[in-house]
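Chemist: Need the complex rebuilt from these two chains, each delivered in its own frame; the hints are there to steer you.
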Amino acid sequence: MTPLLQVEDLRTHFFTRDGVARAVDGVSFTLNRGEVLGLVGESGSGKTVTGFSLLGLVDPPGRVVGGRILFDGTDLAGADEARLRKLRGKRIAMIFQDPMMTLNPVLRIDTQMVETVLAHDRVSRAEALARARAALVQVGISAPDERLASYPHQFSGGMRQRVAIAIALLHKPDLIIADEPTTALDVTIQAQILAEIQKLCRETGTALIWITHDLAVVSGLADKLAVMYAGRVVETGETSAVITAPVHPYTRGLIGSVPHGKPHRSMLQQIGGMTPSLLNLPKGCMFRPRCPRGDDECLAEPALREWLPGRFARCVHPHLDPHLDDAKERVS
Amino acid sequence: MTTVLEIDGVSKRFTRDLDIAEKTARMLGAKIEPATVHAVDGVDLSIRRGEVLGLVGESGCGKSTLGRMVAGLMKPSEGAIRFRGRDLASLRGADAREAALKVQLVFQDPMSSLNPRLRVEELVGEAPRVHGLVSRRETSAYVDEMLQRVGLDPTTRRRFPHQFSGGQRARIGIARALAVRPDFIVCDESVAALDVSIQAQILNLFMRLREELDLTYLFISHDLGVVEHISDRIAVMYLGRLIELGEAQDLFRRPNHPYTQALIAEIPTFEPKRRTYSTIKGEIPSPLAPPPGCHFHPRCPMAMDRCRAERPLLKEIAPGRHSACHLNDQG
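Chains as they are written, first to last, in our numbering: chain Y, 4 to 335; chain W, 109 to 439.
Isolated chain W, as found in the complex (with noise of 0.2 Å):
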C-alpha cells in the first residue's frame, strides 16, 4: 500500500492579537499574553491510497481544521502536509494549482458552501472549465455526466441550489467536488445535516464512487456509527491531538485509550432493553488552558500522577494500532 497523504507533525494554532487597551497595560507592566488555541497539535497521519480513514473526535477537537489544512485552505503553524511525497506548502504555480485540483474538499453545509445564485450548471462547471481541464463546448456534456454520476436528474441543471431538497443539495457538492477529477476527498461532517434515510443515500453513494473512481477519503465526523460503517482505518482525537489509530473494526472491537473506550460506550444503540446509560464525567476543557501532561485526565478514571504531567505520546501497541496513554507502559 502506497502512502497518498502524509501528515508530518502538523501544528496549527489560532492566536488573538492584543487590543489597545491590553497593549497599553502590557506596556505598564500587567502580565498579559496573546491568547492562543492550539487547535492541533503535533499530529502525524499517513493516509494509504484507496482507502477511508474516518477522524472522529468531539466539537473542538481541531479534526476540522486538520480537514482543511488538508485540503490546502489552511496552512500549517508546524509540521508538513506532503501529497504524492511532495509538500503542499513548498508547491509553486502549475504544480500548486495541480495539488489542489487533487484535494478537494465537500462541507457539512451544502447551503453555505454553493453559491445561491449561481445555476448548478455553473456550480458544476465552472471550476473544470477555468482549469482547462473541458473546453468550453464539452462543459455542458460534462455536466450532465457528473449530475449522472451522483445520482441527479440533468434536466435540473438549469436550477438554482434553494430549488432542491437537502439530500440532492449534499449531491450538487459532491458532484463539484468531482468535477476536477480528485483523487483524494475530504467530507466534513458531509451528511451530518441529512435526515437518516437520506443520510444511508449518501453514504452509499460514497462508497459506490469510491470504487468506480478510486478514490481516497478523509471521512471526518463526529458520528462514531457512520465512520465506523464506512472506514478502513480509524483516527480519534481529543483536543488537538491524535490519541488512538487503528483498523475501524477492530478499534471498535478493542479501543485501548480510555477516551475512546467511552466514546464508543456511549454510541446509541438499537437495545431491545432500556439501558443505562453510564457516563464519563465531565466536560471538554477550554481548548484555551488545556490541562498539563495528558489532556484527557482530568475525566479519566485510571489516571495516575504520570498523567498529569507528562504528555503521552503515540506509540505503536500493537501491529497497526497505536495509541497515546501512559497505561500501555505499564506490565
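Chain Y extracted, bound-state conformation (with noise of 0.2 Å):
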C-alpha cells in the first residue's frame, strides 16, 4: 500500500531582515490512508508551519524551499496556485484553532457551506444546501435549518468549531489538518469535539494529522505521534510507544512535565532552560543546551535514525532502556 501522504525532508524558511528563521528544516513522515498522526510540539517548533507548508498556504517572507510533499503521488511543494486551489477543502481540508478565522463573519452559515460546495462541484444551489445540512448534521449540531440562517457571531465557540469542522468535511477529503482545533474551548467542549472527530474519521476512513501542543490530548486520538522541536521531528512512533516509552530526552522532558499521574504535591521534572531563537539555533542538536545527557558527541547534528522497530529518534543518547533509566535516575 503506498502511503496517502509522504513528507520528506520538508524544509521552510522565513526570510526576516534579521537573518533566515528556518521554522520547519527537515520533517519527513508518511501517513497512510485512514490513519490519524499528532503533531506535536510547543510554541515556535514549526508544527504549524509544517501544516500550512503541507497546503502551499506560507506566506512571505516564509518559502518552503526544499523536500518533497507526495500526497498521493504527486509533489505538493512545487505545484503551482491552481493545482492547489483544486487540492484545498477538496481532497485537504484544513481546521484552524480559531474558527472566527475560518468563518466569515458577515455571511450567514448557509452562504458559506454552499459556497465551499459550489467551489469543487457542479450542482445546483439546493442540492449543495441538502448537503451543508446533512454535514451540519454529521457534526452533532442539532436544529441545522436553523443554524444554517444564522451568523458566525451567533454560535458559541464550540459551535463555531463544529461549523468549522462541517465545512471541512464538505467535499470528504481524503486528509484534514486540524491545527490546535481544540485549545481554545472548554474541558467538556473538547471532549465533545474529539468524540465526533474520532468517530467521523473511523466512519469515512479520512487520515487526519491533528497539531497540538498537548501530549495527553493526542494520545487518546492518534495512531502514531511525530514530537517537533525547533524546526524538526525529533521522534516518531506509535502512540502508546512513544507515550509509555519515550527514546528522546525531550519527549521524555514532555512528558515529565504534565502534572497528570505524579504524585501529589510532587516537584515536577522540569526541562531547564526555554526554546532557542529559530534564528540563533545552537550547534549541533537543538535541544542539546537544555538536554541532561547532552555532551561533546551532540555537537554534531544527529539524523533520525530507528533505534528500536518503528521507533526513530534524532539522539546520539537515546533512551533504549526506560526501566533502566527510570532507575539510575532514581539512584543519583
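Simulated from the structure, these hints should not be mistaken for laboratory data.
Computed from a predicted model, the values in this text were never measured in an experiment.
Mixed in with the good hints there might be a few duds.
Result set (DSBU-like, lysine-lysine): computed pairs, CA atoms no more than 30 Å apart in a straight line [to be verified]:
1) Lys202(Y) to Lys93(Y)
2) Lys131(W) to Lys210(W)
3) Lys202(Y) to Lys389(W)
4) Lys175(Y) to Lys93(Y)
5) Lys389(W) to Lys175(Y)
6) Lys183(W) to Lys423(W)
Modeler: Laid out in C-alpha cells, this is it:
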C-alpha cells in the first residue's frame, strides 16, 4: 500500500530582516489512509508551519525551500497555485485553531457552506444546501435549518468549531489537517469535539493530522506521533510506544512536565532553559543546551535513526531501556 | 487550622443599562428589563491559612470574577469578603491599604499586566518603595533579591518586558506580586498561556515559594490536571454557583456532583490505548438566562423534576466534603 501522504525532508524558511529563520528544517513523516497522526510540539517548534506548508499556505517572507510533499503520488512542494486550489477544501481540508479565522463574520453559514460546495462541484444550489445541512447533522448540530440561517457571532465557540469541521467535511476529503482545534475550548466541549472527530475519521476513512501542544489530548486520538523541536521531528513512533517509553530526552521531559499521574504536590520534572530562537540555533543537536544527557558528541547534528523497531529518534544518547534509565535516575 | 479569608454569601451582578431607544420603548409600555448577568451567585467559601485552594470551572462560570473580588479589584454586589476577620469593603485608610497589599493577584497574561514601557526594576521595585516597605536606597538590592527568588538573573533588571520569554514574563509577574510581601496570592490562570515544559517550571516555583514564604493560594484554573496536582482542596463552580468542594485527591477519586464527575472523566490523560470519548451533552447555557432550579439540569443525565424547580444548596455530605445536588437527599 502506498501511503496517502509522504513528507520527505521538508524545509520552510522565513527570510526576515534579522536573518533566515529555519522554521521547518528537515521534517519527514508518512501517513496512510484513515490514519491519525499527532504532530506535537511547543510554541515555535514549527508544527503549524509544517501544516501550512502542506497546503501551500506559507506567506512571504516564508517559502518552502526544499523537500517533497507526496500526496497520493503527486508532489505538492512545487505545485502551482491552480493545482493547489483544486486540492484545498476538496481532497485536503484544514481546521484552524480559531474558527473565527475560517468563518466570514458578515456572511450567513448557509452562504459560506454552499460557496464551499460550489467551489469544487457543479451541483444545483438546492443540492449544495442539502449537503451543507447533512454535514451539520454529521457533526452533531441540532436544529441545522435554523443554524444555516445564522451568522457566526450567534454561535458559541464550540458550535463555531463544529461548523468549521462541517465545512472541512463537505467534500469528504482524504486528509484533514487540524491545527489546535480544541485549544480555545472548554474541557467538556473539547471532549465533544474529540469524540466527533474520532467517530468521523473511523466512519469515513479520512486521514487526520492533529497539530497540538498537548500530548495528553492526542494520546487518546492518534495512531502515531511525531514530536517536533526547533523545526525538526525529534521522535516518531506508534502513540502508545512513544507515550510509555519515549526514546528522545525531549519527549521524556515533555511527558514528565505534565502533572497528570504524578504524586500529589511532588515537584514536576522540568526541562531547564527555554526553546532556542530560530534565528540563533545551537550547534549540533538543537536540544543539547537543555538536555540532561547532552555532551560533546551532540555537537554533530544527529540524523533521524531507527533505534527500536518502528521508533525513530534524532538523538545520540537515546533512552533505549526506560526502566533501567528510570532506576538510574532515581539512584543519582 | 485558622481561616485566613472568608467569602460569605458573595454575589456579583453585572447590569447593562438600557440605551435611549430601549428606555423610550419602556416608557411606551414595552416590557424591557436591563440585562443582568449573575457572574457570581451566593458563594460561601473559607480558605485556611497555608493551604492551596483550587478553583475550577469552565469559561463564564465566574471563577475569575470571584478571584478579582478576593483581590479587592471589585466589590461584591452582595455578601462580604473577610480577610483575617475584617470585611474588605468596610476598611478605610491605612487598614484598607494594608489589606490590599496582603492579597496579591498574579494574572494570566503577563504581556497585558506588565507595563511595556517600564523596566523590570521599576515594575518590581515601584510598589514596595511607594508603600514604604523599603527605602529608596534599599530598593535596588531588594529588587535583586526578588528577582533571584523567582529564578531570574538580576543582571536583566534594566530590560523591558518584551525582551523576555513567556516563562520569564510569568516570573516577573510573580516577583512583582511578591515584592509587597503578601500573605495571600490569587493566581488567575497564571500558567494557562505557557508551554508544558515552562508550565512545569512555574508550578514548581509556586510550590517552592509557598514553602519558603508561608503563602496561601487561591489557584484559579480551567486545567483540572494542574489544579489536582497543586491544590489541597478544590472548589468547582458552574454558572456562578459553587457546586462542589472537597479535599483534592478525594474529590478526584470520588466526585459527587454529576458535573464534577463529567469534568473529571473528560480530562485528557495519557492512555496507552485509543480511548473513546464519552461526553456530556450540550453547552454551557448563557449566564444572561440561566436555567431555573439546578443550573446543570439541562445537561445532567440524572435530572429529576425537582432539579428543574428548586435550587440545590451546598450541603456537607461527608466530613470536609460539600456538594450541591438533590441526588444526595435520596436514600
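Chemist: Each hint: holds or not?
Modeler: Hints and how they fare:
1. Lys202(Y) to Lys93(Y): holds, 20 Å
2. Lys131(W) to Lys210(W): It is violated: about 44 Å lies between the C-alpha atoms, which goes past 30 Å.
3. Lys202(Y) to Lys389(W): OK: Lys202(Y) and Lys389(W) at ~16 Å, within 30 Å.
4. Lys175(Y) to Lys93(Y): holds, 7 Å
5. Lys389(W) to Lys175(Y): holds, 26 Å
6. Lys183(W) to Lys423(W): holds, 26 Å
Consistency note: the structure conflicts with earlier hint 2 alone.
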